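Heads up: the protein sequence lines correspond to chains A and B, in order.
Per the working numbering, residue 1 is the first one in the first sequence, and the count goes up by one each step.
Per the working numbering, residue 170 is the first one in the second sequence, and the count goes up by one each step.
Rather than coming from a laboratory, the hints here were simulated on the basis of the structure.
Here the structure is a predicted model, which means the values were calculated and not measured.
Some clues are possibly wrong.
[Unchecked claim] Cut-off 30 Å, straight-line C-alpha distance, at most; resulting in silico cross-link-like pairs (DSS-like, lysine-lysine): (1) A:Lys122 / B:Lys269; (2) B:Lys593 / B:Lys269; (3) B:Lys662 / A:Lys8; (4) B:Lys269 / A:Lys8; (5) B:Lys662 / A:Lys122; (6) B:Lys593 / A:Lys8; (7) B:Lys544 / A:Lys79; (8) B:Lys544 / B:Lys593; (9) A:Lys7 / B:Lys269; (10) B:Lys452 / A:Lys7; (11) A:Lys79 / B:Lys554; (12) B:Lys662 / A:Lys62; (13) B:Lys452 / B:Lys593; (14) A:Lys7 / B:Lys593; (15) B:Lys593 / B:Lys307; (16) A:Lys62 / B:Lys269.
[Stated by the list, open to error] Derived, one-sided and incomplete: chain B residues facing chain A with beta-carbon distance under 7 Å: (17) Tyr175; (18) Phe219; (19) Glu356; (20) Val363; (21) Trp367; (22) Cys552; (23) Ile556; (24) Leu557; (25) Leu562; (26) Val567; (27) Asn573; (28) Ser575; (29) Ile576; (30) Arg624.
[Stated by the list, open to error] FRET-style restraints, in silico, Cβ to Cβ: (31) A:Gln121 / B:Ile645: 53 to 63 Å; (32) B:Tyr391 / A:Asp100: 25 to 35 Å; (33) A:Leu168 / B:Glu516: 42 to 52 Å; (34) A:Lys79 / B:Trp180: 44 to 54 Å; (35) B:Leu191 / A:Trp163: 23 to 33 Å; (36) A:Leu167 / B:Arg407: 28 to 38 Å; (37) B:Trp180 / A:Phe146: 30 to 40 Å; (38) A:Ile140 / B:Lys269: 38 to 48 Å.
Note that CB positions come from ideal geometry on N, CA and C, so glycine has one too.
This is what each chain is made of:
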Amino acid sequence: MTAIHAKKPGETLFGFLVLTFSLFLFWQSYEISGFTALSSPGAFPLAASGIMVFASCINLLKDIRRPAEVGGFEVFWSKVLPPIVSIMIAIIFTFGIILDTLGFIISALLFLIISIQFLHQKGLVRSVLLSLLSLIVIYIVFRLVFSVILPEGIIPEREIMAWIGSLLN
Amino acid sequence: MEALNYFATSWTSLDLLALTALGTFLGVYIGAIPGLSVTMAVSILISFTFSWDVNNALCLMVGIFMGGVYGGSRTAILLNIPGAPSAIATALDGYPMALKGEAGEAIGLSTVMSVIGGFVGIIVLALAAPVVSEFALKFQPRDYLMLGILGIMLVGSLSGNNLTKGVFAGAFGMLIGTVGLDPLTAEERFTFGVVELWNGINPIAVMIGLFGVSEALTQLHYMNKAAIKQKIDRIIPRWADVKKYLPLSLQTSSIGVIVGALPGTGGDIAALLAYDHAKRVTKNPEVPFGQGAKEGLIAPEAANNAAVGGAYIPMLTLGIPGDAVTAVFLGALFIHGLNPGPLLLTENPQMFWFTVGNLALANIFVLIFGLTGIKLFSKIVECPKGILIPLILLLSVVGAYAINNSIADIWWMLGFGVIGYFMKQYDYQVGPVILGVILSRLMDENWRRSIISERESLPDFFINLLSSPLSLVLFISILLIFISQTPIWARAKAMVFK
């Protein structure tokens with residue numbers, strides 16, 4: 001007999017959300033071309049979403065039967081989504097929002113300083129220096145060597161590059 | 170003669186040689202640093218290299234793959250933290266060796282045996298791929314469909330302990346792959362009237378999200394894990410040791426290459442099976458297994474590197490990835506306009522022999538970088554997670570943006586990153602999602618081809634499936650995997666072994 005492990009906090013809710021999402025996708029798959037033909041554009045998505053519904057039903061039933069971990073929803077915030085993770089998710093999403101407006105250089109620098117300071121906690125000056133150094137390396141490797149175009153934002157990057165280029169020439 | 174020319178392409182061009190060396194060097198460190206993985210690195214790299222010449226891009230990625238599989242063993246030996254799943258078995262005896270002050274010897278032996286294993290895998294790839302490819306030409310569309318299902322089910326059942334969660338993840342990936350305009354009828358699927366979704370969700374954004382962001386977020390749980398430093402002395406292994414353990418290394422390499430070639434199984438399973446084999450065939454080990462037996466270190470190391478060559482066989486000849494890493498790799502090949510499958514060897518033999526030659530070259534670089542630079546290695550591996558994680562997240566954002574210079578891809582990537590994080594928390598594997606995304610189109614097209622050829626008749630489809638030996642074998646394999654994960658099987662097994 002295999003031992004039945006206690007479920008993690010929020011696992012049943014997650015299973016329920018997964019099932020709801022699968023049912024929504026199954027309905028959307030049906031909307032593509034209904035049950036018209038086995039070779040219709042909707043047939044394969046219908047089969048895939050059907051499998052998702054079936055599998056998520058079984059998972060949810062299994063979760064309901066398993067004993068809950070002691071501690072309830074408080075444990076969710078310490079084990080599944082601790083503050084460190086939710087704060088980092090918030091920081092990275094904020095980075096995504098400001099990236100287009102402020103541009104890569106400023107937003108990436110802010111992101112690095114804040115996240116390194118938050119995670120590494122070895123003084124602000126050290127975080128700023130580490131962030132600057134990392135950003136310079138990333139910029140040289142990706143922007144200059146790999147020629148990846150990054151959002152300019154408020155810094156007239158192309159003009160600056162052209163000016164540096166003319167100085168060097 | 171022509172094949173030899175293609176084989177030597179990356180050996181004779183300075184650019185390709187340098188890129189392979191750079192890739193292998195980076196791979197060793199990426200594989201070694203806990204929190205970084207080869208899958209993550211290759212996913213991010215695809216977005217930067219897709220505009221490159223295909224040979225250059227492949228050299229860098231092959232180097233990272235080969236170096237990464239080896240690199241995982243370094244931290245397994247030194248810190249008891251396997252840098253990659255394929256190094257889990259290495260830690261069992263490698264770390265006890267390090268605790269006894271034999272870290273240098275363990276690293277040296279693991280390097281040499283990894284390289285031997287790597288060469289065995291490459292030789293088998295060169296010999297077996299043309300045969301498999303010839304055989305694969307006889308495959309019917311339904312066989313491809315079933316190979317796809319088999320691969321997803323194997324990854325789903327072997328990578329986690331819950332088949333239904335694995336199957337769910339695979340089906341979810343298949344569905345993501347269908348978003349956009351239907352390639353055959355141009356009908357909209359899951360676009361919700363948004364024109365930007367007509368081209369579908371970029372698989373690279375999904376890969377970076379699931380392997381880059383979600384892994385970085387998961388690593389935040391282990392911020393306070395302190396690393397233990399080890400003293401390292403002599404690295405170059407003794408010739409007597411290499412000679413003594415060569416037969417075991419060759420045996421376990423064979424296990425590695427076979428396991429690697431099976432869809433759904435990769436270096437991690439190969440290494441564990443090889444470890445088990447070493448335990449059974451070594452009657453009187455000098456040191457007991459689990460306490461620093463050299464056999465327990467050599468077996469998994471030879472096997473996991475041999476599995477790389479093995480994994481290339483189904484990937485190049487059938488277009489079916491073996492695991493998450495090869496799924497990402499396969500995605501890269503498609504992006505570069507190559508169509509891996511039975512016709513690759515006839516239509517693009519240069520590409521096949523180039524890859525074989527490049528793998529061999531990368532394997533030589535593994536030997537060079539494996540036996541040198543240990544001091545630099547110790548410094549880099551100690552990079553604090555507080556710095557590493559923000560860098561991974563930043564690189565993920567840059568990588569997602571670089572695909573189409575679009576902010577939308579960053580949002581897809583972040584969205585899948587968060588989904589992947591919660592999936593991991595609740596024991597859903599993310600590997601089958603990627604496999605599903607990559608295989609979705611192949612499975613959809615082959616399903617429709619096969620059912621159209623049966624005039625939309627499901628009974629005829631099954632009659633023909635059961636009357637073809639190949640289809641039957643594949644179908645039975647799928648059924649067996651499914652049954653082996655049910656409680657009925659567990660009960661039957663318990664009764665037999667009672």
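Structure-based check of all given hints:
1. For the hint pairing A:Lys122 with B:Lys269, the CA-to-CA distance comes to about 34 Å; that exceeds 30 Å, so the pair is violated.
2. About 35 Å separates the Cα atoms of B:Lys593 and B:Lys269, which puts this hinted pair outside 30 Å; it is violated.
3. Distance check on the hinted pair: B:Lys662 and A:Lys8 sit about 29 Å apart at the alpha-carbon level, within 30 Å; holds.
4. Our distance criterion of 30 Å between C-alpha atoms is broken by B:Lys269 and A:Lys8, whose separation comes to about 39 Å.
5. Taking the CA atoms of B:Lys662 and A:Lys122, the gap is near 55 Å; set against the 30 Å cutoff, the hint is violated.
6. For the proposed pair B:Lys593 and A:Lys8, the alpha carbon gap of about 12 Å is at most 30 Å, so the pair holds.
7. Between B:Lys544 and A:Lys79 the CA atoms are separated by roughly 36 Å; this puts the pair beyond 30 Å, and the hint is violated.
8. For the hint linking B:Lys544 to B:Lys593, the alpha-carbon distance of about 34 Å lies beyond 30 Å, and the restraint is violated.
9. With a C-alpha separation of about 39 Å, the suggested pairing of A:Lys7 with B:Lys269 is violated against the 30 Å cut-off.
10. Proximity of B:Lys452 to A:Lys7 is assessed by CA-CA distance (about 42 Å); at most 30 Å being required, the pair is judged violated.
11. Taking the CA atoms of A:Lys79 and B:Lys554, the gap is near 19 Å; set against the 30 Å cutoff, the hint holds.
12. For a cut-off of 30 Å, the pair hint linking B:Lys662 to A:Lys62 stands: about 21 Å separates their Cα positions.
13. Of the supplied pair hints, the one linking B:Lys452 and B:Lys593 is violated, its CA atoms being roughly 40 Å apart against a limit of 30 Å.
14. Simply put, A:Lys7 and B:Lys593 have alpha-carbon atoms about 14 Å apart, close enough for the 30 Å limit, and the pair holds.
15. Using a Cα cut-off of 30 Å, the hinted pair B:Lys593 and B:Lys307 is violated, with the two alpha carbons roughly 39 Å apart.
16. For the suggested pair A:Lys62 and B:Lys269, the alpha carbons sit about 45 Å apart, so the restraint of at most 30 Å is broken.
17. Interface restraint check for B:Tyr175: the shortest CB-CB distance to chain A comes to about 27 Å, outside 7 Å, so the restraint is violated.
18. Given the 7 Å rule on beta carbons, the hint for B:Phe219 is violated: about 11 Å separates it from the nearest Cβ of chain A.
19. A cut of 7 Å between beta carbons decides the hint on B:Glu356: the least distance to chain A is about 4 Å, and the hint holds.
20. Contact between B:Val363 and chain A, as hinted, is not supported at the beta carbon level, the nearest pair being about 13 Å apart and thus beyond 7 Å.
21. A hinted interface residue such as B:Trp367 counts as satisfied when its beta carbon comes closer than 7 Å to some beta carbon of chain A; here the least separation is about 14 Å, so the hint is violated.
22. The interface hint given for B:Cys552 is violated, since its Cβ lies 11 Å from the closest Cβ of chain A, which is over the 7 Å cut-off.
23. Satisfaction of the interface hint for B:Ile556 is found here, the shortest Cβ-Cβ separation to chain A being roughly 6 Å, below the 7 Å cut-off.
24. Against a cut-off of 7 Å between C-beta atoms, the interface hint on B:Leu557 is violated, since the closest Cβ of chain A lies about 9 Å away.
25. Interface hint at B:Leu562: satisfied, since its Cβ lies 5 Å from the closest Cβ of chain A, which is below the 7 Å cut-off.
26. Restraint check, B:Val567 versus chain A: the minimum CB separation of about 6 Å is within 7 Å; hint holds.
27. Interface restraint check: B:Asn573 against chain A, minimum CB-CB distance 10 Å, threshold 7 Å, status violated.
28. Because the closest C-beta pair between B:Ser575 and chain A is about 10 Å apart, greater than 7 Å, the hint is violated.
29. Using the Cβ-Cβ criterion of 7 Å, the hint placing B:Ile576 at the interface with chain A is satisfied: the shortest such distance is roughly 5 Å.
30. For B:Arg624, the shortest C-beta to C-beta distance to chain A is roughly 10 Å, which exceeds 7 Å, and the interface hint is violated.
31. The beta-carbon spacing between A:Gln121 and B:Ile645, approximately 57 Å, falls within the hinted interval of 53 to 63 Å.
32. Between B:Tyr391 and A:Asp100 the beta carbon distance is about 33 Å. The supplied range of 25 to 35 Å therefore holds.
33. Distance hint for A:Leu168 and B:Glu516: a CB-CB separation of about 46 Å, consistent with the stated range 42 to 52 Å.
34. Range check, A:Lys79 to B:Trp180: Cβ separation about 51 Å, and the 44 to 54 Å hint holds.
35. Taken as a hint, the range 23 to 33 Å holds for the pair B:Leu191 and A:Trp163, whose Cβ atoms sit roughly 31 Å apart.
36. Distance hint check for A:Leu167 and B:Arg407: the Cβ-Cβ separation is about 58 Å, which falls outside the suggested range of 28 to 38 Å.
37. The hinted window of 30 to 40 Å between B:Trp180 and A:Phe146 is violated, with their beta carbons roughly 25 Å apart.
38. In this structure the hint that A:Ile140 and B:Lys269 lie 38 to 48 Å apart at CB holds, the actual value being about 43 Å.
Violation of the numbered hints given earlier is confined to hints 1, 2, 4, 5, 7, 8, 9, 10, 13, 15, 16, 17, 18, 20, 21, 22, 24, 27, 28, 30, 36 and 37; the remaining hints are satisfied by the structure.
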